[in-house]
Structures are given as structure tokens and as C-alpha cells.
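Undergrad: Position chain B relative to chain A; hints supplied.
Residue numbers (our numbering), protein chains in the order written: chain A, 209 to 526; chain B, 29 to 294.
Simulated from the structure, these hints should not be mistaken for laboratory data.
Each hint should be verified, as a subset may be incorrect.
Ranges of calculated distance between the beta carbons of each label pair, as one might list FRET restraints [claimed, not checked]:
#1 B:Ala176 to A:Gln302: 40 to 48 Å
#2 A:Val234 to B:Ala176: 17 to 25 Å
#3 A:Arg231 to B:Ala272: 36 to 44 Å
For glycine and all other residues, C-beta sits at the position ideal for the given N, C-alpha and C.
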Amino acid sequence: MSAPIIETHELGRDFRVRDGVRRRTVVAVDRLSVRVAPGEAVGYIGANGAGKSTTIKMLAGILVPTRGSITTCGLRPVQDRRRLARQIGVVFGQRSQLWWDLPVRDSFRILAAIHSLSPVAERERTDELVERLELQELLGTPVRQLSLGQRMRAEVAAALLHSPRLVVLDEPTIGLDVLSKQRLREFLVAERRTHGTTLLLTTHDMGDVERLCDRILLVDRGSLVYDGTLAGLSRTVGAQRIMVVDLASPAGDLVDVPQTRHVGSEGSGMRQRLAFDPEATTAARVLAAVSERAEVLDLAVEEPDVEDVVRRVYASRR
Amino acid sequence: MFVRTYARLFVAGFRRQSTYRLAALGGLVANTTFGLLKVALLFAAVDAAGGQLSGYDVGAMSAYIWISQGLLGSINLFGRTDMAVRIRSGDVAVDFLRPVDVHLATIATEVGRSVFALLPRGLPSVAIGAFVVGMSLPDDPAAYVLGALSIVLGIVVSATTVYLVAATGFWLVETRGVEILYMVVSGFFAGLFVPIRLFPDWLHAAATATPFPSMMMYPVDVISGRVDGAESAGLVGLQVFWLATTIAAGQLATRAGRRRLEVQGG
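For reference, chain A alone in the conformation it holds in the complex (with noise of 0.2 Å):
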């Protein structure tokens, strides 16, 4: 295994809160050991206060751990802060990295300038980004006036610009509509593959892990509780898929389907909902068992949501 870009030694960070008068100490990462090695997409996951910001704040050297130890890149983030600054690319989804009242290619050009690029280097990588995000009619307008979707895009490209080994993601699809996130996804996908770029992204959004991650790390209250891949996280917490089906007529409810559940039914029986175990039996084995009580005419499967992973997890832990 070549060496880890991010590498992290019974980390923890604990904070000072004021609590009326007195002042009490709230842990919010404690003992976390991880590694990802370069290359990887990891999904870091878990619910708000669980101590995801924090870590990602402690691995790009804005914040000092309170205890263990970190490396990013191969560098002491806080004291080489400057150094990693140029290796590693971050977007939090709710704070912006470009100039407000300037246009877009020049929050570019400011950024090329400050991580050193060469005027060839720069001319390269910002067609690029600009024709994979989509953003050439943006280039001359002011930030202050585009959409959610339009800055989340320039965001990503600002951060991507000096072409960074990590790129870490803090909700970057947050409240972004289903084809601007798709197209996100789609770029990150395409950014890693001929970049070889490591992701790591936090998130509340599921299709985001199940799209762009191959591994997982589940925090609960600042400690590590999962780490693999999401379809081991669902069998572990025996998280069922959905099959849901469109009936040609109304039926009564489908409570009889062998190692099925039936969750819920709609327009007189119309559309059902039926939970199964992909452990236990197949989608193929179920359709063909609805379809001796009912004549099918349309189907879908949905995956575990991840949110509901997750509370099933916590669930188990308390």
C-alpha cells in the first residue's frame, strides 16, 4: 500500500462551551484512526454534531486537534499550512471562496495567481473546468448574482484550479436541485477517473455516497462506528430494499408475499410498497410471487436510504 494521504492517530477535538454560566467541555471527535489511501472516494457520513466539519477543519489546518495526531499529504496540517494549501482543494457548501461583487473569471484568475500557476498551466486547467462544469456563459457575470446551482459549480472549479491531490467536499450538494447535483456528481466522477484525484466528502444526501463513494466512514457522536462499503452498512444493519409495485386494477393489500413486508399502499391498492431482505430472497423471486396474486404493470426497486441506515445504527447504539 503506497503511502496514506490522509492519516489520522487517536484524533480529538474537544470544545469550550458556555452553558449559562458555567462552562462545559463538549468532545466532539475523539479517538479517531483512519486511514485513505490515495485514490480512494470516501464518504463521511453521519448525522449533524457528529463531529464531521470538525474533522475536516483539523485535516486542512484551520483548526488545532486537541489530542493524536494528523498528516494530509504527507504534511502537519496546522504548521504547514501553506504548503498543503496547495495540495488539497476543499468546498464547503455554505461558505464562499469567490470574490462576491467580481465576476467569476476573475475569482480564476485571483486563485491562479495565488496558488502560482503558470500562465499555460492556468489557460489549461480553466478550459477544462470550465467546459466539464458547464460554466462559460458565467464567466462574466458577477458571483453575487448566480444561482445556487451556477456558484456551487464555480465553487467546485475555484477549489479545483490548482488541480489538488485531495479534494474534500463539506455538503457540497446542499439544497442544489436533482439535475444540478447530478451534474456535480458527474464531474466528480469524471474528475477522479482521469486525475486519479483522492474524494472526501460529507454529506446528508445519500445519492451522493451511493454515487461517487466506494467507502464509507460512519461518525457517531465524534467516534468512528463504521468503516467500509455502503452495501456492507446496509447488511449489517439488515437494511431492506423497497420494491414497489403498479397493479393493472385495484387489489387488496399484498400481506401474504413470502419474505416480504408490506410497508404501505396507495389509491386502493394501486401502487404497493412490499420491504424485503436482498439477503433472503431475490427481487426476481418476489416480482414472480406478486405476480401470481396481481397482474404488474410497472415496477422499482429503491435502495436503502442511507439516512435510515444510519438511524439504524445510531439505534443500535443507544
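TA: Here is chain B on its own, set in the frame of chain A:
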């Protein structure tokens, strides 16, 4: 590389300010109005003193009034800065994610804005004053060269000093109190209301122990030719001293403050 980066940030500040033309016009109108008010008050004071007040005659007083009014768009005497807002909101985290010295990058951008403001506010203000009221200006071209240097130094000292107000935000989070204190003291000691020469000795001594006269009073004295060559060089020397002092303090505050930074929210 170093120069290119900070030059870009300077240009960014310059261009940002250039997008607010209507605000610049509003600023010029306000500067001119208050300039005329100062003319009425201070000319009366000079007349009452028999045509000479602490070395100022009417022509020198007019030069003081219009140059200082013209610098108002470029010198921060309010204490409010983008940096303070960014520290409070946590957006300063983005600044620390860049391979730059955050302190110097902030100064470069601020100075860019201030230099731009000389165009729509500084020069017209002096022109209006010269045309409407008349003023005495030096004949020696060397005075203008040193004067231009002194104005640039004044602008930079203003940015490096007000940065220190913003930097208190690393510890205080809410910096409005410090900003108000700065506003009260800075305008008075910078010579915004009356030239500091008119202060009683003890107050004049207090003013010169601060960086504030370096922002406005000294540049006005140098470029208006009110002080002679040797004294001008001395005032520019004082500006350089305050520049070095405030930059050193800003570097220390940023370094210490970064470790305190907890980045609000998100």
C-alpha cells in the same frame, strides 16, 4: 511569485471597489458637504486669530481641509472591515485554506480598494476645493513626490492598523465595541476634525504616540507643503515606523489568533 500573488489581490480590491460607482459618488457628495462646513468653521477660527492660527493661514487651512476630506474614502476611520465580518462568520476559514499569508493578503486587498477610492473621491475633492475655495499648494515638484509616497504610506498604515481591530475578533468574536473605540479615537487623532497642531501640547503628544496621525495628518502636512523638506522626511520616517510596528503586531496577532480560531458553524 510573491509579488504576483499580492499584486493580484491588490488588483482584486481595486476592481471590487470600482464596481460601486454610485456609492463613490455619494461619498464624494458627503465629503464635499462636510468640506464646506469645515471651511466655514476653520476659516472663521483663522480670521478670529488674526489670519494665522498655529502656522495655518487661510490657504494652508483650505489645503488641509480638502486633502483630508479627499483621503476619507481611502483611510478607514470607522473601524469596520470585511476581515472582522469574516472572522465573526467563520468565512476566514476559507482564507486560511489558501497558500498565502492571510494578514498580508488582507492588507493587499484593502489597499487596492483604498487606492481606487482616490480616483472618484480623492482627486475630485481636492479639485472642487481648489476651484471653489482656493488653496495654497507647494511649487516644488519634489514635495509632490514625497507627498504621494506619504499618502500611499498613510493608506497602508490605515489598513494595517484597522486590521488589528479585526484581529481582536479571534479572541472576542464580537468586535463592535473595539470598532467604536477605534472610531472615536482614530478620527480625532488622525486630524479629521482639526489639524492636530491646534491641540493643546499634552493632547498633541498623545496623538503622536499613536499611528493615527500617520494615516491622514502627516500625508496632508507633507503634500500641502505646510512643513519643510527636512520635517517632511521626518514625518515620512514616522509613518514607516508605524507601518513596521503595525505589521509586526498584525503578524503576531494572526499567528496567535489562528490557534484560537474555532470557526463558527457549518
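Undergrad: Indicate, hint by hint, whether the structure satisfies it.
TA: We went through each hint and held it up to the structure:
1. B:Ala176 to A:Gln302: 40 to 48 Å: The hinted range 40 to 48 Å holds for B:Ala176 and A:Gln302, with Cβ atoms some 43 Å apart.
2. A:Val234 to B:Ala176: 17 to 25 Å: Violated, since A:Val234 and B:Ala176 (Cβ atoms, about 54 Å apart) do not stay within the stated range.
3. A:Arg231 to B:Ala272: 36 to 44 Å: holds, 39 Å
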